[in-house]
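Once you've looked at the hints, dock chain E against the given chain A.
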Amino acid sequence: MTETRSTTENAGSPPILAGLLAEFDGPDALLAAAEKVRQAGYCRWDAHSPYPVHGLDRAMGIRPTLLPWLVLGAGIAGAAVALHLQWWTNAVDYPLITSAKPRFSLPANIPVAFELIVLLSALAAFAGCLALNRLPQFWHPVFTARRFRRATSDGFFLSVEAADPRFDPSRTRALLESLGASAIEPCHEPAEGRRIPRALYRLAMIALALAVLPPLWIARVRHSKSERPRIHPIQDMDFQPRYQSQAASPLFADGRAMRPALPGTIADGQLDADEHLHRGRAGNAWATTFPVPVHITRENLDRGRRRYNIFCAPCHGLTGGPAPDDLKRQGKPDKLLYGMVALRAAERIEGEQPGYTGWVMPRSLHEPSVVGQPVGQLFNTITHGLNTMPAYEAQVPVEDRWRIVLYVRALQRSQNARLEDVPEDRRTDLK
Amino acid sequence: MTPTMKPSTTPDVRADQMSLSGLMPEGRRVLAVVGAGALALGLALGALHGDGHRYFLHAYLTGFSFLLSITLGSLVLVTALHATRAGWGVSVRRILEILAANLFVPALMFLPILVLLAWGHAGLYPWNNPQNVAKEPLLAAKAGYLSALPFLLRAVAYFAAWWAVARFYLRHSLEQDASGDPALTVRMERWSGPALVALGLTGTWAAFDWLMSLEPLWHSTIFGLYYLSGGVVGALATLILLAMGLQRADRLRSAITVEHYHDLGKLLFAALVFWGYMAFSQYLLIWYANLPEETAWYRPRLAGPWGWVALAVLLGHLLVPFFGLLSRHAKRSRRALAFWAAWLLAFHWLDLAWIVMPSAHGRGFPVGLVDLCVLVGLGSFYLAWAWRIAHGMSLVPMQDPRLPEAMEFENM
Chain A
1 MTETRSTTEN AGSPPILAGL LAEFDGPDAL LAAAEKVRQA GYCRWDAHSP YPVHGLDRAM
61 GIRPTLLPWL VLGAGIAGAA VALHLQWWTN AVDYPLITSA KPRFSLPANI PVAFELIVLL
121 SALAAFAGCL ALNRLPQFWH PVFTARRFRR ATSDGFFLSV EAADPRFDPS RTRALLESLG
181 ASAIEPCHEP AEGRRIPRAL YRLAMIALAL AVLPPLWIAR VRHSKSERPR IHPIQDMDFQ
241 PRYQSQAASP LFADGRAMRP ALPGTIADGQ LDADEHLHRG RAGNAWATTF PVPVHITREN
301 LDRGRRRYNI FCAPCHGLTG GPAPDDLKRQ GKPDKLLYGM VALRAAERIE GEQPGYTGWV
361 MPRSLHEPSV VGQPVGQLFN TITHGLNTMP AYEAQVPVED RWRIVLYVRA LQRSQNARLE
421 DVPEDRRTDL K
Chain E
1 MTPTMKPSTT PDVRADQMSL SGLMPEGRRV LAVVGAGALA LGLALGALHG DGHRYFLHAY
61 LTGFSFLLSI TLGSLVLVTA LHATRAGWGV SVRRILEILA ANLFVPALMF LPILVLLAWG
121 HAGLYPWNNP QNVAKEPLLA AKAGYLSALP FLLRAVAYFA AWWAVARFYL RHSLEQDASG
181 DPALTVRMER WSGPALVALG LTGTWAAFDW LMSLEPLWHS TIFGLYYLSG GVVGALATLI
241 LLAMGLQRAD RLRSAITVEH YHDLGKLLFA ALVFWGYMAF SQYLLIWYAN LPEETAWYRP
301 RLAGPWGWVA LAVLLGHLLV PFFGLLSRHA KRSRRALAFW AAWLLAFHWL DLAWIVMPSA
361 HGRGFPVGLV DLCVLVGLGS FYLAWAWRIA HGMSLVPMQD PRLPEAMEFE NM
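Order-wise, the sequence lines are chains A and E.
Under my numbering, the letters of the first sequence match residues 1 to 431, in that order.
Under my numbering, the letters of the second sequence match residues 1 to 412, in that order.
Hints are computed from structural coordinates only; laboratory data are not their basis.
Be a bit skeptical, because a hint or two may be false.
[As the list claims (entries may be wrong)] Capping the alpha-carbon separation at 20 Å, the derived lysine to aspartate or glutamate pairs in EDC-like fashion look like this:
{"#": "1", "chain 1": "A", "residue 1": "Lys101", "chain 2": "E", "residue 2": "Glu294"}
{"#": "2", "chain 1": "E", "residue 1": "Lys266", "chain 2": "E", "residue 2": "Glu405"}
{"#": "3", "chain 1": "E", "residue 1": "Lys266", "chain 2": "E", "residue 2": "Glu410"}
{"#": "4", "chain 1": "A", "residue 1": "Lys101", "chain 2": "E", "residue 2": "Glu293"}
{"#": "5", "chain 1": "A", "residue 1": "Lys36", "chain 2": "A", "residue 2": "Asp168"}
{"#": "6", "chain 1": "A", "residue 1": "Lys36", "chain 2": "A", "residue 2": "Glu177"}
So that you can see chain A by itself, here it is in the shape it has in the complex (with noise of 0.2 Å):
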């Protein structure tokens, strides 16, 4: 049996012991050792071969992998993320219908999932891979030794670390060469002196101000102005043969190159079949009823005024303008019961243009023609304007515009409440 000294180069302290590495004449050699080795009791060691030795996995006691539940976990994450991303950014963020198909259709989504689930796997995999074997290692004791060079050609080594509890020098020591290691050698600690040199320290710091400047620069030019063009490294659709909206197109027998919606066409989910919702009537005069979704909560009645108080209260007025008491007292409404802009216009239809007949005044919603209008009428003037008042159906949701109804019944019922509205309790309170 020989033995080698190690090829540690420091002259002063003594080396530390890291582990002993033992070799072996062939595999079957190293198998027997293995089995050995596990038996004895040692935890902390492994076994090198130049190629992948049958058996050795069991002979060493090695467990199977994490990886492949690793690899599950990813590749159900990939398709988990892809339907998610795909279902949200198609049926509910930005819903756009393409071919016909239901917003969420499950066949177009299978190849993005698909392409998802490899990628994940595939990355799980590398990086489990890596991470399992405690990869990337640059450094080991072993690799002080001057035989383990022939760990990847013709070499079957076996390392015990010192750090194993069971670990002692003479007698680890003993354990191999009973097991018919050919030599056995020591490894060791870097040395103190053994660092990495300071030139790649340099070489790093360089290295990484570099790398920070193509951001800084990306962010330059992201927040300053330029008169030139932006510049195209990845072209994609940015430069390509089409037509303008309105253009003229020789292809078409009208000449149009933008092509009319076929007639009966109507825009995704505005069909608004339901009459009663959509335009207040019930049969062939207007609903008297709130439409089912509108039900009369204290909730909507709290979101109609503040509907109301956002778009109707700046020429309703807050209290949707004189009571019948005051109209009747005064012959003419006190203007201060109106919003500001209904004030406004008066002021200056009074004060810079007398007889000006552009503008009506806004009704006070408490007369006794606007109290006897049934619900459906109500909606309907909201939607499409009256006189100088504005149509809100493009601004206001429709549920809303029954809320903002059933807040101006609530307005006209406080202003024309009897007796029999104030709770029993309370009644006293008014004598």
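Leaving out everything else, chain E in the frame of chain A:
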């Protein structure tokens, strides 16, 4: 795989029972009787349908295309094993060679269809009816390709090509059994590439002719690969079941190990995923474009009872076995692998029934007694003939230079 240096632990394949001799001497005769009986029963039950044997003919075509797909799948696997110079597969290659050389049976089974066609019968293929051709200008335009004589000539050409490849590989392999000449392996490898190309092309055309033209106005370029990939699934499942059956009958005990089953399981998994890829690629484009002439094929196959069959095929031929075969443990467990092989074989048949049968009937329970009788009948003949071929030859290519590698093969 790198060779290990453990000759002492290598099992000796020469100690195995290598031939079928002595195994159930009555087996072939029993199979032939069962086959004839089942086929006659199917024919009689088919007459009860009172549709001029339309139903029976479709069931017959289903059974035929099922057995043919297994044969072609075996042929593809034999050539692929040579093309990849696979060492591990030598243990199981002879069984595949026998299944591929069993082509004689599907060829014989196709004869009645050809005779009926030459007779002017249009129960299977509507393009053979002159009235249909007169009504439909597209059919008239296709008549140069889709009519009895060119169809017949092409069928002869396909079978001749497959027969040449199958005989080539079985003959050379048997020759090597006798001579042990490694040059034969080189020769088989050299021809495997061209053979694979020829199989891909003829298989595609055959699938177009025999299955796609059931709906003569419909066309899908991927259809041939869809059929062939299903065939590879069927061939692998058959191989796994046959190998396990032979081992239970005390044959090939040491030639095929859990390592080979593991690899066959991996291939089965890959083949079913590939099949799913083909099936979905065909479906997605047609579903997306939604053109009437293309969706016409899917319409009867996704409506009524066939819609449920389509769902069953999607689950049973792809999603469920995908997760069933995903784990290493499932592929290394004989019981689990046998279960999934039998399962996939059944669903491969159902897939073909789903392709063929909706042309015959759209309502009622999709799978009938006639289909099963025909399947048992044709399948019995198929097995009996394979048995006949296998008789008197070794079940492992004993002199193959890669046999030692196959014997020592281990998955990492």
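(message) Let me make sure I understand: some of the numbered hints might not hold for this structure. Which ones are they, in numerical order?
(response) none
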